[in-house]
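Visitor: Could you put together the complete structure from these sequences and hints?
Residue numbers (numbering that gives the first Met the number 0), protein chains in the order written: chain A, 0 to 679; chain B, 0 to 679.
All the pointers check out, no bait thrown in.
Where chains are identical, the list cannot tell them apart; a pair therefore holds if satisfied intra-copy or between any two copies.
Pairs of lysine-lysine residues, derived as BS3-like cross-links and limited to a Cα-Cα distance of at most 30 Å, are as follows:
1. Lys294 to Lys329
2. Lys182 to Lys211
3. Lys182 to Lys215
4. Lys355 to Lys329
5. Lys340 to Lys329
Just so you know, these hints were derived from the structure itself, not from any lab.
All values reported here derive from a predicted model rather than from experimental measurement.
Here is how the chains run, residue by residue.
There are 2 protein chains.
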Amino acid sequence: MKHFSLLASTALALMLTSHLAIAATELPALMPLPSTISQGDGSFPLTASFTVAYATPPDERLTAAVNRTLTRMQYSSGVALAHAAVVPSAGSLTISVSGPDAAVQGVDDDESYHLAVTAQGIQLASTTVVGALHGLETLLQLATFRDGHAIIPAVTIDDQPRFRWRGLMIDVARHFEPVEVIKRNLDAMALVKLNVFHWHLSDDQGFRAESKRFPKLTAEGSHGEFYTQEEMREVVAYAHARGIRVVPEFDMPGHTLSWQVAYPDIGSTSGPFSLPDRFGIHDEALDPTRESTYKFLDALVGEMAAIFPDAYFHIGGDESNGNAWRSNPKIVAFMKSHDIKDTDALQVYFNSKLLKIVAKHGKHMIGWDEVFTPGLPKDIVIESWRGQESLSKAAAQGYQGILAAPYYLDGMATAEKHFLADPVPADTQLTPEQQKSVLGGEVAMWAEQINPQTIDSRIWPRAAAIAERFWSPQSDRDVESMYTRLWPVSLQLETVGLTHISGPQKMLRNLAQSQQPADLDTLASVLEPVSFHERYQGQHTDARTPLDRLVDAVVPDPPSRFEMSRSVNEALADGAAAGSAREVLRQRFQSWVDAAATLNTLISLSPRMADAAPRVQQLAQLGQTGLQALKALPGKTAPAGWREQQTQIINEAAKSVALTRFTFLLSLQKLVDAAGGAIQ
Amino acid sequence: MKHFSLLASTALALMLTSHLAIAATELPALMPLPSTISQGDGSFPLTASFTVAYATPPDERLTAAVNRTLTRMQYSSGVALAHAAVVPSAGSLTISVSGPDAAVQGVDDDESYHLAVTAQGIQLASTTVVGALHGLETLLQLATFRDGHAIIPAVTIDDQPRFRWRGLMIDVARHFEPVEVIKRNLDAMALVKLNVFHWHLSDDQGFRAESKRFPKLTAEGSHGEFYTQEEMREVVAYAHARGIRVVPEFDMPGHTLSWQVAYPDIGSTSGPFSLPDRFGIHDEALDPTRESTYKFLDALVGEMAAIFPDAYFHIGGDESNGNAWRSNPKIVAFMKSHDIKDTDALQVYFNSKLLKIVAKHGKHMIGWDEVFTPGLPKDIVIESWRGQESLSKAAAQGYQGILAAPYYLDGMATAEKHFLADPVPADTQLTPEQQKSVLGGEVAMWAEQINPQTIDSRIWPRAAAIAERFWSPQSDRDVESMYTRLWPVSLQLETVGLTHISGPQKMLRNLAQSQQPADLDTLASVLEPVSFHERYQGQHTDARTPLDRLVDAVVPDPPSRFEMSRSVNEALADGAAAGSAREVLRQRFQSWVDAAATLNTLISLSPRMADAAPRVQQLAQLGQTGLQALKALPGKTAPAGWREQQTQIINEAAKSVALTRFTFLLSLQKLVDAAGGAIQ
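Guide: This is the structure:
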């Protein structure tokens, strides 16, 4: 047995062109990386005579998961496994789950599993079904081909998560997402072992959860786009079947304009209100001074608490700016008479009363940073959108916390940046005891600029890199290893139904009105969207803005950034790979030059792409820059002034155009610097 | 006003690379072609101030359709239209529907519409809502770009279908298709004006419709894959909203093994039975001699008739081989005592009794060819899987009929072949009166070799060409025009949710384990699946066979066949285009040669593609053949024997390998013949 350290696992095959086969000494891409893994000799062959044995009586959830696993493994291996026989003992796969699971999955549940594959068989053991589900996902990632046969390599894995709370938040208020979008994202979450779906169900722009007590919430506050109670229960069951808890969020007292459209009496200002198209912070807030407001909330929280069995209930609490309260004389008078010094203090008053309601219905309260105020009891959980420091402060005072800030996907940051951000970094000032208060983290997908067509490509595959941060050991910080595994995992993610690759491709076909828009692909592959903030400034986006531009068809941190960076590094190194890396680059640069001619025509025809015209010029120009750099490189023979000139071109190209930015400019600059090194 | 005859419309722009812009004198691709169309001057601009006026009070179905239309038009135009204001009069689009629709859409409903677009506005008028829905689809197809602006070209269209019954049958028994698959296919049907969804809900391999009277039908006869009654009602409503009737089929007395698994007593042979994995004809059949069978059918048909409001009820009736009846002494005795001379006559007996049951529940009976027997009343409808002749025979005797045989998609024939097959060909022997008995036709998608991942690419875009056959005038037989419009319509079809392009691409990524499997794309783009029958012979396919091979990732009649044919024709003509056509061909041939090297490695690694290895050799070889032909072409300088040698290579490549065939061999042979013309 060879023992793999975490660092050695970075030796996993670097095959961006195809990840099809692995050498006998390599393991397929696992993500998140297991805490410990050691590789054995040989492998277990996948054949049509595959069997499953349950060493302990399986529950319905486990057998359903095993059936899904076999169907997926059949698809990836091409071997008929989906109807594998269940045998009393000594199956190809033998599963034992030692303890019964609670009916409702808890934050402290044991999620560990032990997976041992030898040439003779596969053993999967865990304490809980959730642990077994994680093990099945690992098993799926292990399946590969060797010598033209489908196999599972011999391996022993003992695995458990670093953090208990590994969430994905989806905002379905700013743009609605139908149930099937939620379901495919739950499947994707399970694949990378995320375990909390945080469902942001209400905001100013829409109330998305059917209430039978208050039917106007959706009848008047949702434009008809909402989940029925049956659908919400279905999502909870679907998530539970995949080892995922569902935490609903009803954001209050701010972000409640949609509530007030339906029930103006609970608001602080007088209506009538209408659902806003505008995003951003609205002044409207619930009236915290009237008992009728709490009566309403008691009924609503009670109704929703019955639909969502999880122990936690998210009350939002963010971005309540106090304007509506300050402008209402009755509320001002209430504050004076109750000795409430400002609107922050009034929100503390509101939170204290809300906390009692949430607790009455058997739930722990979670809220965003703003709910973290002295005086609230220690069983609330703070979700930090402000960041590391805010979270540490809460943890130092004994509050449990979840980190969200560095995992905001609409910032359009790289997978690398998200991956390296740690809920408890190595240099944390927290004591080991305080560190335990950090439950984990949450990926946050806000929905101002996404819709069902684009959401998957905004979440995935970047969320897989974050999932690894939440699960794998702190020492796992090798970015090259992460990217090397991210692309094959990205392909796995589409087999469970995600459209993060096919969706953007479809949109490019639609933009180009061509079944094979090769040149537009060339351009799109090296562009990514600007951040939420830049887009918001650059283009007025509200709820009615069509999300159908080039910026919507390109994806954040596409493979081109990493590929170019690797190629440039290889091209500049004196290794054997330098020659072929330079040829790869040359072809790439040439393809940019070649694509530009067609693209000029294409883009001029379409009002949806007209603003991208400068990008086409730049692509050709930057391609020329690259070609010149490669020519100059061997002897560093670039003429005087060339480097400065090219740098200027690159700097110009770094500006936002058509709400996009190029992915490769840093690498190209490196190449230019190297090629122009001899000059001065 | 220029008046376009049907033939002149074949001048529609031939732009396979991109269909983005049209010249002022061209119209965007319409499919099916309207019966009459005349083009005006100028166009109506699409802007964010678009409004809709209803000249007659719209019903819920119409307003929902208009909203969907605006959302789709917003997506294709990039102009914010989805929330267009409804104004009392003089809208950008003014719609009038003169008559009320019946609650249930009928086979004789008026589906005509009048659409007039001028620079001042758009008028849509029809007798029924269904007519208006068709007009809205035409309007969507008309939207395009001119001079960088989104517009609708000025046009006057008076349109109506040639046939009343334009169906798509989907078999959900052999492989189950979830509701969302059905829904997206209904959207696609509406786009090309198909109006009957024939739902083949039961067969030997599965009973897919929940019965509350006979719950074991799905509990034991469906492997858990079935539609609830709520889901079936949802599908009926979804179809109705799109102008589509739903005709359920419960195939009997044969093809009922799944029924007998659940209720063995209704069978002719003794059980126990189990759901078969094997396809093909099974001997089992209902027992037509016992009254209890008819009592069962009465209850079942009654229950289903209440779910499906359509006037027609399909009872299948095909491929009952009589073996089960002949082997049951009681049935043989019954035949003797009732003077029933053979099993065909026994089926007539069964059908007569069944007909009464179907009629009792208010439905007309439809059945496959086999139900066409003397003595049955004239209000039954014959669906012909046997073909033209069988249909004509029935029509000549006064029976109404629907043609299905030439539209069997699993034959993997070209769109051209399907398009040219006519339910009432120009040389028909039927009198005009008899011709009226031919209600129309149905595209048939049998499901032995498809699943939810592949179904769309098997149906579409070929079904769009057939939809044109059913809708447009008989004189519309220009194959080049049809293909020229088929590809842009194919792109429209994916905007309503079809995965016919993205699905195969995803599968190729999965096969190659690469995000950009360019070389595999090159191979796949010139391959298509062999027919159902060839596949059945070449590979034992049953219900458990994974459908995840190269054959499943390639599509029938991909663009390469038509593109190659056109390029070769141009290259061989003495026109100005010959030079560029030869260059296009040269690049294509070279890409085959180049791809082969990578593909050899890729294919050898994967057991799912191993059988395609010969195809890679052939691709390189045929690429060389093409390159040599192009070189020899100008002076026809190919050496002696070359033509014979290449012809042999082409013939060898025509054989089925890996369940696939090449799309371009006829065109390549043509090129070879031309290049080798001088040689003896």
